[in-house]
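These are the residues of each chain, in order.
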Amino acid sequence: MPFIELDTVEKIFTVRRKTGLIRREKREVRAVDGISFGVDRGEMVGYIGPNGAGKSTTIKMLTGILTPTGGRLRVAGIDPARERTRLAQRIGVVFGQRTTLWWDLPLKDSYRLMHRMYRIPDARYRENLDRCVDLLDLEELLDVPVRQLSLGQRMRGDIAAALLHDPDVLYLDEPTIGLDVVSKARVREFLRDLNTTHGTTVLLTTHDLTDIEQLCSRVMVIDHGRLMYDGELAGLHAVGESERLLVVDLERELPPITDVPGARFVRSEGPRQWLAFPATASAAPLVAAVAARHPLLDLSVREPDIEAVIAKMYGGTREERRESLM
Amino acid sequence: MADSLRTYRMVAGMWIRSTMTYRASFALTVFTSFCVTFFDFVVILLMFGQVRGLGGFSFAEVALLYGLTGTSFGIADLTMGSLQRMGKRVRDGSLDTFLMRPAPLLAQVAADKFALRRFGRVAQGLMVLVWALVLLDVAWTPVKVLLLPMTVVCGAVIFAAVMVLGASTLFWMQDAAEVTNSFTYGGNTLLQYPPTIFAQELVRGVVYVVPLAFVNWLPALHILGRPAPAGMPDAAAFASPLVAAVCCAVAGLAWRAGIRSYRSTGS
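Here the protein sequences come in this chain order: A and B.
Quick note, the first sequence lines up with residues 336 to 661 if you use my numbering.
Quick note, the second sequence lines up with residues 36 to 302 if you use my numbering.
Treat the hints with care, as some may be off.
[Claimed, not checked] Straight line, CA to CA, 30 Å or less: simulated DSSO-like cross-link-like pairs of lysine-lysine:
(1) B:K123 <-> A:K353
(2) B:K123 <-> A:K443
(3) B:K123 <-> A:K361
(4) B:K148 <-> B:K123
(5) B:K179 <-> A:K443
(6) A:K443 <-> A:K353
In short, the hints are calculated from the structure, not lab data.
The following block holds chain B by itself, in its conformation from the complex:
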C-alpha cells in the first residue's frame, strides 16, 4: 500500500510537470472543466426556479445529495479517472513498459496522465455541499456530523472500486470503458437526485446489485431524518465502510485476474 502511494505520487508528479510544459493549454482545460461541472448544477438551480420540491425533497436537501456524491465522485475521478483510458494502453501494448517497472501496476495506471484539472469537480462538489449545509434545517447530533466526512470518503472509495473493476474488464475487452462510465458518471448523475423520483426497480438495483446507494443516499437520508429506500433498515446508513471494503475486495480480485490474463501485443 505504501509502495502504491509512493508510486502514485511519483508518476502523478511527472504528469503534472508534463502538463505544465503547455501552460496555456492547462489554463484553458481547467476553465472549461469548471464550466462544464458548474452548468451541471445550474440545471438543478433552474429546475427549482419552476418547482417547489423534487420527489418531496427541498432544494437544500437535493443540494446535500448533490454535494455528497459530487465530492465523492470528484475525488475518485481525480485520483482514479485515468483507469478508463487503460484500454488504449492494453490495445497498443504500451502497458508493457509499466509492467517492467518495480512498482505496483494499479498505481502506475491510475496515475497515468494524471490531470490536475479534474480537481475542478471536487471543488464544485464541495461548494455545493457547504451551501447545502448552510441552508439545511437539521437537528445536528455528533453522529450525524461524523457521518458527513465518512460518507464522502466511503463514497469516493466505492466509486474508485467500481472504476478499478471496470478497468479490470479492459484486459479482456478493450472497448468496454463506456460500460464502466455508465456506472460511474451515470451513477453520479443518478445519485444527485432523490431516490423517490426513480422507479423502485432502479432504486433496488442501486441498493442491492451495484451498491451505489451507499455512496450518499443511505447516509444522507438518515441525516435528513427520512426512511431508507428499498426496504433497507435505518442502520444501513452506517454500512458504507463495510460496503466500500467489499467493493475493494471484489475489485482487487478482478484486477489480479486481469493482469494474469494480459496478452500484450506483438511488438
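Extracted from the complex, chain A is given alone in its bound form:
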C-alpha cells in the first residue's frame, strides 16, 4: 500500500460575492477536483503547476489543515483531517514563504521548543540537531535572533526545524523561492542526502524546474485542480513538446541561422540569435553544428520554465483560468 494515498480527493470552496447592497452571490470553486495518486515510502516527488492550480490546497489537505470536501486521503495510514495532531508527529512541513521560527529569539530557542513540543527523546534530538547543523551549516547562526537572519539562512533554519522529530514525510512548498544560487545548491544537496540516507519521503512543490531536475525522479503536474501528468520529468518534456533555447552570439550581424537541423530560428537582435530545440534533445551536436557553420563567439542554453511547459501542454488553459478568476 502506498505511503501517501489520495483517492478522488476534492476540495470545494464556496465563495460569496457582493452583487448588490445586501444580495450575495454564491459560487463554488473547485480548488482540487478529484485527484488520485499514491506515493511510496522513500520516493521524492515534484508537485508542480501554475499559481492557483491547487498545489497548496493539496498539501494542506495532506497535513490535515484543510478538510477535504470529498474523496479518501491517507498519509501513513492516518486520515489527516481527523487525526491532525497525531499525524503531525510523522510529517515535517516547510512553507517557503512562512517561517515557523520565533522572530525575536535565537534560532536554538525555536529548536528547543520543537524538542519539547514534539517530545523528541534527548539522544535523538541531539543527533538530529547535530546532523542538521553540520549539513546546513547552522553552527554560527544558533545564537542569532531569527529576525537578523537572511532569507537563505532562515530557510535552512526552517528546514532543520521541520526535521528534528525524524518525520517520515517532508512536504516542501517552494523551498528555494527567493534564494541565491549558493543557498539553492546547499538546500538541494541536503534534501538529496536526506532522501538517500534516511529514506525520507519528500513531496515538493516548486516553480523552479531545476529543483525538480536535480531532485525528483517523478513529477506530477496539476492544473485546474486536476492531475494532468504523473511520470518522469523527461516524459513531461515530450508530452509538453517543450523547447530549450540556445542563445548564440556571432561575430557580427548575420542572416537568421536556418541551416542547422533540429533547431528552429526564433528571433535575432544584432549579432545575437535565439534558436529553439526540443528539450529532450542533446545540446552538444547542435552547438557543434552551429559552430561548424557560423563564426561563434559565445553561447548559452536556457532551460524551459515550468509555466511555459504547462502552458504549451494545455494551450489556452491560462486564458480560461483568468476568466474563471474574474
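With the hints as your guide, set chain B onto chain A.
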C-alpha cells in the same frame, strides 16, 4: 487537557522571553496598562465623592462587585485575551503553522503573543476586592466565605468561554472581534455596577441570554443579603459552576466547528 496546559506553558514561555528582549518597552507597557485600569476605578471613587449610594448600593458594595468581576475578567484576559487577535492569523494564513504542530490549537492560539503586562488588571481587581472585604459589614458564614473564591474562578471561566466562543466566529468572520469585545470588555464594565441601575430588559438579557450575571452579580448579591435580580431564585447564587460548565461546552463545540471550516489562504 494536560496536553493543552503543557502547550500553553511552552508557548507562553517563548512569548515572555520574546518580550524580554525589549525590556524598556515591556516596562513601559506594564506601567501604562496599570494606569489605564487604575483610572477605571478612580471614576467610581470620584462618583462616590458626589453621591452617597449608587442604585441603593454603598461604596463598599459596589467595590465588591467591581473587585469580583475585575479579578475574574483580569484572569480570563491574561490567559485567553490573545484569542481576539486570532482574526489576523486566520486572514493572513499564519494559523497554518499552528495547525501543523502536534499540539492542541486552542492552547497555541490562546498563548499566542502572551503578554505578562495584562497581569496588571488582575492585580488591580484583587486590590479593589480586598479593599471591599475590609470595608464591608457582612455577617460572614462559611458558605459565604467559600462563595468568594468560587465566584472568582467561575467568573473567569465564563469570561474565557465567551472569548473562545467569540474566537470561533473568527474562522468565518475575521473582523468580528469587536462584537466579542462588547461582551467581554463591555460585560466587565457592566458588571462593575449594581444591577439596580440598569433597565430590567438589559438585566434579564445578562441573566438569561448571555449569562454574565453569574460572573459576580448573583453570588455577590447573595453575600450582601440582597434579592437576586430578574426574578431568579436565591439558590441561583450557587449556580455559577453549572453555568460555567455549560458555557465551556457551547464554546468547545463552536471551536470544533470553526476548525473544521477553516479555509486557510492561498500561499
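Status of each hint after checking the structure:
At most 30 Å may separate the alpha-carbon atoms for a hinted pair to count; B:K123 and A:K353 meet this at roughly 22 Å. Proposed proximity of B:K123 and A:K443 is supported: the alpha carbons are some 27 Å apart, at most 30 Å. Among the hinted pairs, B:K123 with A:K361 is consistent with the structure: their alpha-carbon atoms are about 24 Å apart, no more than 30 Å. At most 30 Å may separate the alpha-carbon atoms for a hinted pair to count; B:K148 and B:K123 meet this at roughly 12 Å.
The suggested pairing of B:K179 with A:K443 is violated, with an alpha-carbon distance near 51 Å, which exceeds 30 Å. Between A:K443 and A:K353 the alpha-carbon distance is near 47 Å, which puts this suggested pair outside the 30 Å criterion.
Checked against the numbered hints above, the structure violates hints 5, 6; every other hint is satisfied.
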